[in-house]
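For reference, the chains in residue letters:
2 protein chains.
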Amino acid sequence: MLNIKRYTSTQPDFQDCLQQLLAFEGAQDESIDQVVAGILHDVKTRGDAAVLEYTGRFDKLQAASMAELEMSAARLKQAFDDLPAEQREALQQAAERVRVYHEKQLMHSWNYTEPDGTMLGQQVTALDRVGLYVPGGKAAYPSSVLMNAIPAKVAGVKELIMVVPTPGGVVNELVLAAAHVCGVDRVFTIGGAQAVGALAYGTATIPQVDKVVGPGNAYVAAAKRRVFGVVGIDMVAGPSEILIICDGKTNPDWIAMDLFSQAEHDELAQSILLSPDAAFIDAVQASIAKLLPEMPRQEIIRTALENRGALIAVKDLDEAAAIANYISPEHLELSVEDPVALTARIKHAGAIFMGRQTCESLGDYCAGPNHVLPTSRTARFSSPLGVYDFQKRSSLIMVSPTGAQTMGKIASTLAYGEGLQAHARSAEYRMKGS
Amino acid sequence: MLNIKRYTSTQPDFQDCLQQLLAFEGAQDESIDQVVAGILHDVKTRGDAAVLEYTGRFDKLQAASMAELEMSAARLKQAFDDLPAEQREALQQAAERVRVYHEKQLMHSWNYTEPDGTMLGQQVTALDRVGLYVPGGKAAYPSSVLMNAIPAKVAGVKELIMVVPTPGGVVNELVLAAAHVCGVDRVFTIGGAQAVGALAYGTATIPQVDKVVGPGNAYVAAAKRRVFGVVGIDMVAGPSEILIICDGKTNPDWIAMDLFSQAEHDELAQSILLSPDAAFIDAVQASIAKLLPEMPRQEIIRTALENRGALIAVKDLDEAAAIANYISPEHLELSVEDPVALTARIKHAGAIFMGRQTCESLGDYCAGPNHVLPTSRTARFSSPLGVYDFQKRSSLIMVSPTGAQTMGKIASTLAYGEGLQAHARSAEYRMKGS
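Going down the list, the sequences are from chains A and B.
Residue numbering for the first sequence follows our numbering, beginning at 2 and increasing consecutively.
Residue numbering for the second sequence follows our numbering, beginning at 2 and increasing consecutively.
Everything labelled a hint here was simulated from the structure, so no lab data went into it.
Here the structure is a predicted model, which means the values were calculated and not measured.
There could be a bad hint or two in this list.
Chain copies aren't distinguished; within one or between two, either way the pair holds.
[Said to hold, decoys possible] Within a straight-line C-alpha distance of at most 27 angstroms, the following computed DSS-like cross-link-like pairs (lysine-lysine) qualify:
#1 K410 to K6
#2 K250 to K105
#3 K410 to K250
#4 K433 to K61
#5 K61 to K45
#6 K105 to K348
#7 K154 to K348
#8 K45 to K105
#9 K410 to K433
Given the sequences, and given the hints that come with them, work out the whole structure.
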């Protein structure tokens, strides 16, 4: 029998229970951080030579030069061509749907001219060059390649450089095929902190990028934190989470499987159900017990559900929405009769899966929106990965001669108030006319 | 005589000189970081009591309760009412211009429906509560209050909580007046790492915020880095910079004063001029020598220009644009005949000041765009502070019964490919219909 926590929102210590349930300290390991600092310093100073050494040491992959660690476009295409037709088509269809959705996110430049002729605006440009980290081993997901590469390409990033470790030379053909489908420009079979360092600082072979994105292990996460500022980074994600609100009228097997689909990611993943229907919660618990033995990854699912899962009885859907806003989940599934009305009450969530048909896994792969989402309550202040993460804005200010008179007065008054005389005089020069 | 560096883009070691000029390691002081870690832990566990103690110790401000450290709305209004009329008007006019510009940045929700009835979209919401750090002492700029508070309010942030240290009880009336003008909701006279901790974790008196923005000293910066993840933060800014491209036809006194206006901020500020006209560069250098003695902050300006400034002769404006893109400056002034054409060649800059009339200080105070801008070459991948920093997006996915069939096929194929069976089965359930 699986031992998942059950709460009711009316129990006196509910808020404490909820806080405990959500508590997750992404403890940064000091020793990992020190190792990473050393690797980064080494890559920064010795470049390719250091990257080759670490790749030999950590990935058991010996190479005489970085050129040997680059994969050709032909090799990527071959990986794609060699896939079963069904997988090829699924990859292409998913990529197309993701591309179409992300094109709606493109930001465009704008400007406006004031009556006195002053022009103000915002010029939007793409990042020049982006590095995409793809993990090797068990967490190597081709869908992650799609979700990171496509927004960058839609944004107009000219050069997208993927790094993926291939420990012992073992490659993941689906990942290479996904890189081909997305039009990744260059691929190096390196990984770890050394790959992040190579992208952030550049080496003789690997050009310096402007941003590093993509998931990775604790070493990769530590390296990304350390190079932040030299380059941009995406978020450093915590364990994955799903919160399901169900009115009790969905097939309980479906809800159980949706909870599993989050829990199977890893032992730290979090699956929570909120429902006003206590009998339905019992039914879901029965479905969990029934279906768990059928799952190949049942040990991971069991650990995740027992340690971090919960089934919570709530008063009504209004209260469920309020709790969801507090939790600010990465994935929020609204398995209810009127998901549009409920969505309007949701303020904080990474992605909202609306209606009984919309299971989270459709969004993970192919619905269109990104599956890189804010975790650990950070949806209170952050957003899914998107095209906007690969574009940036420059403010535009072109002051007319008339504008220079009126604004000069305001600016010089405030500048003198702040004790910044050069600011004031710089504005005053323009007031006198040239 | 002021000793500012002179380079020409044709000298063989130019690229090395440029790199050296730009090199700035925002060395994170390990001892500061340890002190900050202790303060944050203390504030997290002891709340108000810890904040009161640190405020007494560091700011020499004794208070029996946090309530004593809160400033009333009436007090803010009084600060505003007591200002000279000219300053009152300047503050209000600046605020109004900043508000109008930022309203253009508002992101809106969108969605679209596919032929099979599947709806996809993005729901945009504001952050609930934001903390605004305002430094006490010499770097206390009312214009910073405007530039941080107005975008938050335009975004729809319901509660904006300002903290500002008042060492020894000394308050900056202009800062309080600016808070009044912007509609800041609550003000506490606390500062340092303890204020950042109070905002990030919440105390009995100070509610937890979702994001902390605003400039501060090394302790504040270290505290912001440490609470990042619990709350959002804005960028941790480096020293301020200006790059001026001038065709040689602007009054050299203007350009000299524009270089000063950056240099007067602090000794680490960076002012660089690029011009294809060597005689003009001589003239600017002469203007610098002539005008410097007139400046109240001449010692700061001299140190900044001598240590980090440069006057650089370039071949032409095309080369100047290429160098500007490499530098990716915080402020870029295009003091040229056709600034529109040159702007089109600029890919990386925080803000672009176009034309001879548009000195940077107009943008600092009142043109409209934000003066919180990416420094230290981070304009390659980041943007000015804006309304978008106080909004976030939730992806919307509502799959139709037909969509569940087609997408279910794609998702299950890819999920099996990744070894995630629960993902696949969750999608398959929807394919069979309910």
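Against the structure, the hints:
For the identical chains of this complex, K410 and K6 are neighbours neither inside a copy (65 angstroms) nor across copies (33 angstroms), given an alpha-carbon limit of 27 angstroms. With identical chains, the CA atoms of K250 and K105 are never at most 27 angstroms apart, being 34 angstroms at best within one copy and 43 angstroms at best between copies. Only between protomers do K410 and K250 lie at most 27 angstroms apart by alpha-carbon distance; the minimum there is 25 angstroms, versus 66 angstroms within a single protomer. Taking the shortest Cα distances, K433 and K61 never come within 27 angstroms of each other, neither inside one copy (70 angstroms) nor across copies (46 angstroms).
Proximity of K61 to K45 under the C-alpha cut-off of 27 angstroms is restricted to the intra-copy arrangement: shortest distance 22 angstroms within a copy versus 44 angstroms between copies. Taking CA atoms no more than 27 angstroms apart as the test, K105 paired with K348 passes in both settings, with 21 angstroms inside one copy and 22 angstroms between copies. Taking the closest pair of Cα atoms, K154 and K348 come within 27 angstroms of each other only across two copies (17 angstroms); inside a single copy the shortest separation is 30 angstroms, beyond that limit. Neither within a single protomer nor between protomers do K45 and K105 lie at most 27 angstroms apart by alpha-carbon distance, with minima of 38 angstroms and 41 angstroms respectively.
For the homomeric pair K410 and K433, the shortest alpha-carbon distance inside one copy (11 angstroms) is at most 27 angstroms, but the shortest distance between copies (71 angstroms) is not.
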